[in-house]
Structure formats: structure tokens, C-alpha cells
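2 protein chains.
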Amino acid sequence: MGVDSGGSFTKIVYFRPKSAPDLPDYVFKDQELPKQLPGLKPDPSIDIINKGTLKFIRIPRHKSDEFIHFVGETKLHSQFNIECLNITGGGAFRLAPNLQKKLNITVEPLGETDMLVAGLSYLLEYDCSNEVYTVDPVTKEKTFGVFKNVNEIYPFILVNVGSGVSILKISGKDEFERVSGSTVGGGTFWALCRLLTGATSYDQVQKLSESGDSKNVDLHVGDIYGFDSSAPGYHKLGLSPDIIASSFGKIAVQEELPDLRPGDVVRSLMFMMANNISQIAYLIAQLQKVDRIIFAGGFLADNVYLLSRISYALHYWTDAKMKPYFLRHDGYLGALGAMLHKSNNNNKPTNKE
Amino acid sequence: MGVDSGGSFTKIVYFRPKSAPDLPDYVFKDQELPKQLPGLKPDPSIDIINKGTLKFIRIPRHKSDEFIHFVGETKLHSQFNIECLNITGGGAFRLAPNLQKKLNITVEPLGETDMLVAGLSYLLEYDCSNEVYTVDPVTKEKTFGVFKNVNEIYPFILVNVGSGVSILKISGKDEFERVSGSTVGGGTFWALCRLLTGATSYDQVQKLSESGDSKNVDLHVGDIYGFDSSAPGYHKLGLSPDIIASSFGKIAVQEELPDLRPGDVVRSLMFMMANNISQIAYLIAQLQKVDRIIFAGGFLADNVYLLSRISYALHYWTDAKMKPYFLRHDGYLGALGAMLHKSNNNNKPTNKE
Numbered sequence: 001m002g003v004d005s006g007g008s009f010t011k012i013v014y015f016r017p018k019s020a021p022d023l024p025d026y027v028f029k030d031q032e033l034p035k036q037l038p039g040l041k042p043d044p045s046i047d048i049i050n051k052g053t054l055k056f057i058r059i060p061r062h063k064s065d066e067f068i069h070f071v072g073e074t075k076l077h078s079q080f081n082i083e084c085l086n087i088t089g090g091g092a093f094r095l096a097p098n099l100q101k102k103l104n105i106t107v108e109p110l111g112e113t114d115m116l117v118a119g120l121s122y123l124l125e126y127d128c129s130n131e132v133y134t135v136d137p138v139t140k141e142k143t144f145g146v147f148k149n150v151n152e153i154y155p156f157i158l159v160n161v162g163s164g165v166s167i168l169k170i171s172g173k174d175e176f177e178r179v180s181g182s183t184v185g186g187g188t189f190w191a192l193c194r195l196l197t198g199a200t201s202y203d204q205v206q207k208l209s210e211s212g213d214s215k216n217v218d219l220h221v222g223d224i225y226g227f228d229s230s231a232p233g234y235h236k237l238g239l240s241p242d243i244i245a246s247s248f249g250k251i252a253v254q255e256e257l258p259d260l261r262p263g264d265v266v267r268s269l270m271f272m273m274a275n276n277i278s279q280i281a282y283l284i285a286q287l288q289k290v291d292r293i294i295f296a297g298g299f300l301a302d303n304v305y306l307l308s309r310i311s312y313a314l315h316y317w318t319d320a321k322m323k324p325y326f327l328r329h330d331g332y333l334g335a336l337g338a339m340l341h342k343s344n345n346n347n348k349p350t351n352k353e
Numbered sequence: 001m002g003v004d005s006g007g008s009f010t011k012i013v014y015f016r017p018k019s020a021p022d023l024p025d026y027v028f029k030d031q032e033l034p035k036q037l038p039g040l041k042p043d044p045s046i047d048i049i050n051k052g053t054l055k056f057i058r059i060p061r062h063k064s065d066e067f068i069h070f071v072g073e074t075k076l077h078s079q080f081n082i083e084c085l086n087i088t089g090g091g092a093f094r095l096a097p098n099l100q101k102k103l104n105i106t107v108e109p110l111g112e113t114d115m116l117v118a119g120l121s122y123l124l125e126y127d128c129s130n131e132v133y134t135v136d137p138v139t140k141e142k143t144f145g146v147f148k149n150v151n152e153i154y155p156f157i158l159v160n161v162g163s164g165v166s167i168l169k170i171s172g173k174d175e176f177e178r179v180s181g182s183t184v185g186g187g188t189f190w191a192l193c194r195l196l197t198g199a200t201s202y203d204q205v206q207k208l209s210e211s212g213d214s215k216n217v218d219l220h221v222g223d224i225y226g227f228d229s230s231a232p233g234y235h236k237l238g239l240s241p242d243i244i245a246s247s248f249g250k251i252a253v254q255e256e257l258p259d260l261r262p263g264d265v266v267r268s269l270m271f272m273m274a275n276n277i278s279q280i281a282y283l284i285a286q287l288q289k290v291d292r293i294i295f296a297g298g299f300l301a302d303n304v305y306l307l308s309r310i311s312y313a314l315h316y317w318t319d320a321k322m323k324p325y326f327l328r329h330d331g332y333l334g335a336l337g338a339m340l341h342k343s344n345n346n347n348k349p350t351n352k353e
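Chains as they are written, first to last, in the numbering used here: chain A, 1 to 353; chain B, 1 to 353.
Excised from the complex, chain A in its bound form (with noise of 0.2 Å):
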């Protein structure tokens, strides 16, 4: 089992073994816990040939201590037959203590970027093809396949959407850098959709931004330069009139202060973080002399949109040369990561290949 303590959720990654003998009835199954606590939101599972499931679970970080108090009544850790819980992520060095007074086992925190990397790894390493995908920036298509073979993606810089921003350089499996970061990340998105829009949930944001129109909210080159690009200026300027000049721009020169609807105010605080992290990614990536980059984090989880816009902007910067790629069990690296750890650990599935 690994966890990974993130700024949003709490994500678990574990191992069930095909022949483990079914739970007895007083205990909560996997399949039911998403019954027993809202919030937690099961994920996709892979299947181990031959040898079981790897499960992936998530529980909002202000339900964490919570689940581990369901856990420590319900000694559900005790059917893993753990004798050592890898914790990782931020809260991982923090939480330690606690996690294990609580559920009397012992917790091994690890370094947040070496289990985020080793779980990439082992996820490209087991199934390529299945895992990384790119998005439509027009349909929103997604497409697997891309990748047949691991070695046809390294080196990449991967760029992790957290609360705030890292960006990598991964040059081979287990072989990285941190390159650089950002301070305009998840948190950013979250904290400012709550204070312009007062949403309460990150699923709430995902319905408002399938109806807003960033139009209402940004300031476009056509609102600054008319929006008939043959007219003098133009031919200089080398802009096309539909491209944003400046987020929350329009709200910038009204007199008045207007009346904002929260989903343009959503859509215009997404094409901001995705033009912006796609810029940055870009730029690195090409001080790097690197041609491929993965988008991954819980920022962008299952937000097919905010995908797509990603695939739009780094369509934009690299002159339609580059296209971003995905992580089917995006959110779940660090968690991964810390479940294969060491060798003390149980129940850890071998690679297929």
C-alpha cells in the first residue's frame, strides 16, 4: 500500500493479490467504501495479469483524518498485512507520527519527487501504450497508442499541477531533475474560483466552466485593435484578433465594476493557468533541447477540458510542432511510487515485461 498526502487529497495506491481470500462480511469491502465516506472517489484499476488488481483511491484532505480513524476502528489496514505503510507527498514528514500511534504499524515517509518519478516509471514501464494519451484541443478526443514503446518517450519534462507547479527533467527511468516550478498551480485555480464564483466543489467549477465564455472577462487583441485583422495595425502587429491579450483584462478598463458570471470567470481563470503552464513547460522544454511533455497532477484530473485547453495553448506556443501528453492514472504517481518501495513491502506486483 502507498499513500501519497497531497494539498487537495489524500490518494492510496494498493495491491490485490488475485488469490487473497475474500474479507469476511464485518468488514467493509474496497468495492464499498466509496459508500461508507463521501468524497472518496474510486479510480481506475490495472490489472496484474495472473497476479491481482491495483486499486486507486482518493479522500479530500480535510476527510483524511477521518479515514484514518475509520481505518484504525476498523483495523481494515490489518487485512493487507502491512508491516510498514510508505507514506508520501507533502503531509507525508507531518503526518507520520500520527499514522502510526494511530494505526500501530510503521510509517516510512518518503521523498515527495523520487516516489512521483518511480511511479511514472513503473506505469510507462508496464503499459505504455495504455497509460499516456493526448487530447483533442477542438473535439476533446482522447487518444492512446501514442507511445508503443517506453523508450520512444524519454527524455521528457514532466510537469506536475499540484497545489503549486513542478517541472522535471526525466531523462531515463528513475533519472530526473527538478528543473523549475510555479506558484500559479491548483491552488491557485481553486482558491480563485472560490473567492470570484463562491463554488464550493472542484466537480461544481467543472460544471460551470461548460457553460461560461472567457469573451465576457478577457481582453481580446480585437478589443484593443478592432476586430477586422485587415485594418491597418494588424499586418505590423502579427496577432490575431480572437487571441487573449489579457486575462481578467475586460474587467480592468470598465468604469463600473459589472456583474461577473461565474462561469466565465472559470473559463478565464482556466485559459489563464493553461496558456501559462504551457508557456513555461514549453520554454523549458526547449532550454532543455527536450520535444516531449507530460501534463500530469491532480489540478487535471478528469478535466477533459482544461486538457483540451492545454493541447490548445502548447498548440499556440510551439506552432502547432508540439502536443502534450497525459497520464490515465494521473494524481496517483507519488502514491505508486511509495507502494513499490523497498523490499520490505508486501504484496508489490512485478513488472509484466
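Honestly, I wouldn't trust all of these hints.
Intra- or inter-copy, both count: the list cannot distinguish identical chains.
[Said to hold, decoys possible] Derived lysine to aspartate or glutamate pairs resembling EDC-like cross-links, with alpha carbons at most 16 Å apart: (1) K342 with D242; (2) K169 with D114; (3) K342 with E73; (4) K63 with E255; (5) K321 with D213; (6) K55 with D291; (7) K169 with D213; (8) K140 with D114; (9) K63 with E256; (10) K289 with D127; (11) K142 with D242; (12) K173 with E125; (13) K102 with E73.
These aren't lab readings, by the way, just hints derived from the structure by calculation. Quantities reported herein were computed from a predicted structural model and do not represent experimental measurements.
Here the structure of chain A is known, so what remains is to put chain B in place on it, guided by the hints.
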């Protein structure tokens, strides 16, 4: 006379010859203009030795129509013996016909970037040593005289922060290319300040920034890993506890939305802007193999706290290898370039060199 119709201000640069006859009493003299129009700001002038004085004034964008009416009514412009008014900036092509009709003179709209660079080239050639300065990241002290000769400064990256951000590479006098830009600019900052703090003027925002503390809003590395940098985990991380991990991240992780202090929000936004613009500028400078970056644009005007944060950020990103440079006549580059344009302009000062 040159005019730059920008997103927030209309900037005017004009040349007052030393030998000019005093204007008759019934005409408002330039020194008295500020009293006539609240919001019109006089800025530092340049004495062109033995020839006269360059004057720099600006008017809030929403007062521009009032000012045009005022000039038309008072026939102020006829005192300057102007046959053709050169106007640049985003609004130039849109405003030209209206101006031409109301003031009954030929109005020539000019490309924004050309004029920006022409104005900058003039200022650098005229008196590089008194034009370019640095700001200490801690004491906020300005230092002039960093470049004695204009040739020491080329090539450089110009980061022009208006409503949005334009990034140019300037290789020599009037020799430039637009290399990038960002939608996260002054418009974004001002809009978010208005929406989150209720501030109604930029002066108010500057005042708020003096007392705020971004620690109440931003998530720092120490908030995640603990503030004891000798604790396990820090060694591998390579980041200091007092580095911002996520702008506004502290708002994101709290279950209940806290009450926000406006000063804290303004500081957090300033840090976010300064970090982000500096990072993008530095990455581009590296890609362009250029050692010097000048930051300019209306967004920076007079805000020494913001300038010190850009100094701090560039110090951080470049490991103290680079300092940002700022301009005394920041914000007037385009208007000055427009004034200097073409030979049919009256009262064009000649270069002292």
C-alpha cells in the same frame, strides 16, 4: 507632440522650446493643466540642453474623451503649431478618425511596437546613465548610472507590462523582434485587485500593498513540509521553507473560506505577477542568449514595491546572476516614439550626442 492611447492611460509627450513665447493669459498653460483636469498626472520632464523641455503627461483612459473635448474647445493644440498629430498605442487606429474631426488636424496612427522601441532608443541614446536604474530587492533603493554608454546595454530583452505583457528582443537602435508575450499582465492584476479587495483606484491598491502580508494567503513550502528546514525531506527537496509553493494556496486548502485582508491579497497578487513575469522573462533571455532584461510598461509605473519584488524574483530565478533594469520615463516610450516620428513633426528635438 506624441500620443499613446493605452489600455489604462493616454500618455502625451510634447516638446516645449526654450524660445517659445509665453502663451497668452487666456490659454491654460501646461504647468496649470493638472489643476484643470483631475486625474491628469504630470511626470518628470527632460531638459534638452539649450533647446527646451520634453514634457510627459498622462490622462486616465476614461477621461480621454473629456480631454479631447477640452483641447478642442480651448484650441490648446494650435499653440503647438501642429499640422499632424502622431498617435500610437492600442487605441490609435480606433481613435484617429474621431480625433481628426474634433481637432481639425491630420492624425497619423502609428504601430505600437515601432513607436515603443523608437522612444526607448531615443531615451537610451539621449542619456542612458540617468534613464536606466536598478532597484534593491530589500532596501528598495534606486541606483542610476549602471550604464554609462548606450552600447553597453544592447542586446536586451524588453518586457513591456501593459494590460497584457509583450516581450521583445532589442538588438540595437530600432532593431527588434517580438519574441513572446503573456496574458497575465497589469490588466489581470488590476481586475483581480478590484474584484477581491473592492479597491477603486490604483493609488488605493498601492497603499494597501504597503501593509499586507502574503503569508496569510499564499501557501509556502514550510506550510507543507513544516518550517524546520533541517527536518527530513528538506534535504532532497532543495527548496527553502519561506518560498511560495502556491499563490493563494492557503485559501484553497481551508474548508471554510476565510475573511480576506485586502492588503494581503494585493501583496499575494503582486508576488504572483512579479514571480511569473520574471520567470518567463528569464527563460526567454536564456533562450535568446541575452544577459540584460529591462522591465517597462504602465503597470510598473511608480510602484517601487512591485519593482523590488521583480528584483527579488529575478534574483531568485537567476541565482543572483541577473538584475532587472527599469526606466525613469517608463510608460511614455510609445508617446515619445510617436512624437519623434517623421520629418513633418514640428519641434522635434535633436539628439544631444
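Under the constraints set out in the numbered hints, which ones does this structure not fulfil? Checked against the structure, the hints that fail are numbers 1, 3, 5, 6, 7, 8, 10, 11, while the rest are satisfied.
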